[in-house]
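**Student:** Residue strings, one per chain:
2 protein chains.
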Amino acid sequence: VILPEKKLIDRIRRQAGRRANAGIFRGIGDDTAILEITKGHQLLVTTDLCIEDVHFRRAWHPARCVGHRCLVRGLSDIAAMGGEPVACFLSLGLPSQLPQKWVDDFIHGLLNLARSFHVTLAGGDISSSEKVVADIVVTGQAPSGRAVLRSGARAGDRIYVTGELGGSAAQLQKLLAGEKITPKPSDRHFYPQPRLEAGQWLRQHGATAMIDLSDGLSTDLDHICAESRVSAVIDAAKLPIARNANLALALHGGEEYELLFTAPKKAKLPPKIADIRVTEIGEVQKRSQSATIQLRDQHGHLRPLKPQGWQHFHKSLLTPA
Amino acid sequence: VILPEKKLIDRIRRQAGRRANAGIFRGIGDDTAILEITKGHQLLVTTDLCIEDVHFRRAWHPARCVGHRCLVRGLSDIAAMGGEPVACFLSLGLPSQLPQKWVDDFIHGLLNLARSFHVTLAGGDISSSEKVVADIVVTGQAPSGRAVLRSGARAGDRIYVTGELGGSAAQLQKLLAGEKITPKPSDRHFYPQPRLEAGQWLRQHGATAMIDLSDGLSTDLDHICAESRVSAVIDAAKLPIARNANLALALHGGEEYELLFTAPKKAKLPPKIADIRVTEIGEVQKRSQSATIQLRDQHGHLRPLKPQGWQHFHKSLLTPA
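Chains A and B are the protein sequences, given in the same order. Just so we're aligned, residue 41 is where the first sequence starts under the working numbering, counting upward by one. Just so we're aligned, residue 41 is where the second sequence starts under the working numbering, counting upward by one.
A couple of the hints might just be wrong.
One copy or any two copies: either way a pair holds, since identical chains are not told apart in the list.
To be verified - Straight line, CA to CA, 35 Å or less: simulated DSBU-like cross-link-like pairs of lysine-lysine:
1) K278 x K171
2) K79 x K47
3) K46 x K305
4) K171 x K141
5) K141 x K312
6) K326 x K141
7) K214 x K306
8) K305 x K220
Keep in mind the hints are simulated off the structure, nothing from the lab.
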């Protein structure tokens with residue numbers, strides 16, 4: 041069972057360490073954290089919930105992997121703005137009968153990833169709860185007025201993604217089918233990596249709009265189209281589908297944490313950015329009333345593509361039972 | 041039942057409105073919010089969980105009151121630093137069978153309080169969950185190096201509290217005993233007020249350490265003593281006990297959201313700050329090995345006072361069944 045709250049906080053505080061960013065003036069141990077934002081920069085803030093049996097299952101995901109995945113969600117949002125992460129905050133609800141080892145492994149997975157990107161765990165909250173609930177808050181910064189928004193896509197821009205698509209969803213499908221998987225560090229489903237370096241490069245090199253692929257390509261591209269008031273065409277044949285996946289999973293599968301972005305037609309993008317493959321997959325068009333997103337098949341035929349990625353309170357392709 | 045996620049977010053986005061602070065560059069609708077921190081100021085960040093049947097019960101607390109109480113926790117932390125709140129973020133887990141009216145009332149209660157302190161709801165996350173889970177994040181700012189920490193209390197300082205003590209816990213006791221209470225706007229338990237103006241005044245007028253009373257006087261004073269490496273003596277006779285409360289509730293009852301602070305002996309504090317009564321209740325002493333906090337009774341006798349306020353994963357005076 042779990043340590044009493046005060047002891048648990050002291051333990052996490054020790055684990056978080058003093059390896060603070062220059063920007064952390066005061067971390068765990070006061071009513072609020074105190075952070076310094078670099079001159080000429082704006083503050084970025086994102087929050088993401090991870091709830092047991094919604095975002096993960098204890099039977100499928102080792103605690104270390106849950107902690108890792110939890111922080112990735114926030115770091116990936118910072119990456120999608122082209123930002124630099126600074127500090128994270130963890131609000132954690134835990135069943136009192138949970139083994140302390142589970143909590144230690146969870147924190148370990150989270151802090152391991154945090155350290156690799158020089159992010160400090162600077163605060164949070166702890167409570168008892170019936171199921172594990174973790175809300176991760178990540179703060180970051182970007183040069184003033186330079187963060188890459190969802191709203192900057194213009195007709196004629198080309199659409200790109202980093203990495204491969206559908207691999208995470210393919211593993212989720214196997215888990216849903218009852219298959220046992222022992223997570224490998226290279227598994228996108230279990231240990232996804234936030235594309236922070238690529239995101240910063242893209243901010244510096246003129247990406248017009250950007251989002252991270254957390255809900256699925258069809259849903260996340262719909263967010264860009266809605267905020268930019270544009271439509272889009274995707275070429276099925278161009279999608280970088282992961283070896284274990286298929287077209288449907290590449291289009292609608294979530295939790296990839298790759299970057300989906302747009303850039304002017306004349307922009308010359310290298311085939312790899314920060315060592316990650318970049319693929320052109322379609323183009324932005326003027327807003328159309330008939331269909332926000334269309335999919336072009338190998339014969340050149342267009343059909344409307346509805347957002348069918350993850351949506352809470354709604355059935356979706358990958359809704360767990 | 042609840043709206044699909046996208047519609048729910050659109051609805052909350054409309055409710056949150058554009059009434060943005062000058063500091064909000066981008067609110068709901070992108071991967072992260074973008075905020076501007078005033079020049080010469082540092083960023084304050086706090087997160088607080090509110091979990092159904094731990095922090096509130098749907099049978100006791102109307103949804104509006106749950107939303108209000110949820111945000112108060114974060115605003116009160118900003119108050120305890122002497123800071124000015126800027127934006128809030130809400131991560132919300134909701135059972136899909138919850139009536140949409142409950143969610144509307146919750147958001148209404150939260151936004152009502154937010155507006156009265158010019159705080160913008162600038163982002164968050166939404167998920168399904170078995171019970172209602174709300175994590176509130178509040179960002180704020182304070183002039184660089186001037187936020188009032190828990191660690192600044194010095195031997196000889198006097199200890200003060202704002203307002204009255206034990207009133208919130210007394211109402212909780214009645215609820216636990218099965219009494220029905222129809223919340224009145226003036227009820228500290230149902231509609232506590234964050235002491236933001238008083239906190240800022242105290243920062244400007246030399247408070248040496250400060251914390252908000254969320255867990256209970258004995259526990260929160262213990263936090264100040266631990267961070268400041270001092271001991272403390274409290275005078276039972278001086279405590280401003282609420283009319284409906286008693287000494288035990290004033291010492292250990294949580295959720296008061298009053299400010300507990302220290303100031304040099306020679307500081308002249310007015311009897312009221314920002315219209316809230318201020319009471320001297322004890323003094324800071326050099327760190328003692330025998331007892332961190334002592335209580336002086338009406339006969340002048342000292343006895344050790346253990347922290348007995350709220351602690352998760354631990355039985356306490358007021359643990360709900």
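**Student:** Give a verdict on every hint.
**Tutor:** Taking the hints in turn, this is what the structure says about them:
no.: 1; hint: K278 x K171; in the structure: neither (42 Å within a copy, 43 Å between copies)
no.: 2; hint: K79 x K47; in the structure: neither (37 Å within a copy, 37 Å between copies)
no.: 3; hint: K46 x K305; in the structure: between (56 Å within a copy, 31 Å between copies)
no.: 4; hint: K171 x K141; in the structure: both (16 Å within a copy, 25 Å between copies)
no.: 5; hint: K141 x K312; in the structure: neither (40 Å within a copy, 49 Å between copies)
no.: 6; hint: K326 x K141; in the structure: neither (54 Å within a copy, 38 Å between copies)
no.: 7; hint: K214 x K306; in the structure: neither (41 Å within a copy, 70 Å between copies)
no.: 8; hint: K305 x K220; in the structure: neither (45 Å within a copy, 66 Å between copies)
In summary, the numbered hints that this structure violates are 1, 2, 5, 6, 7, 8.
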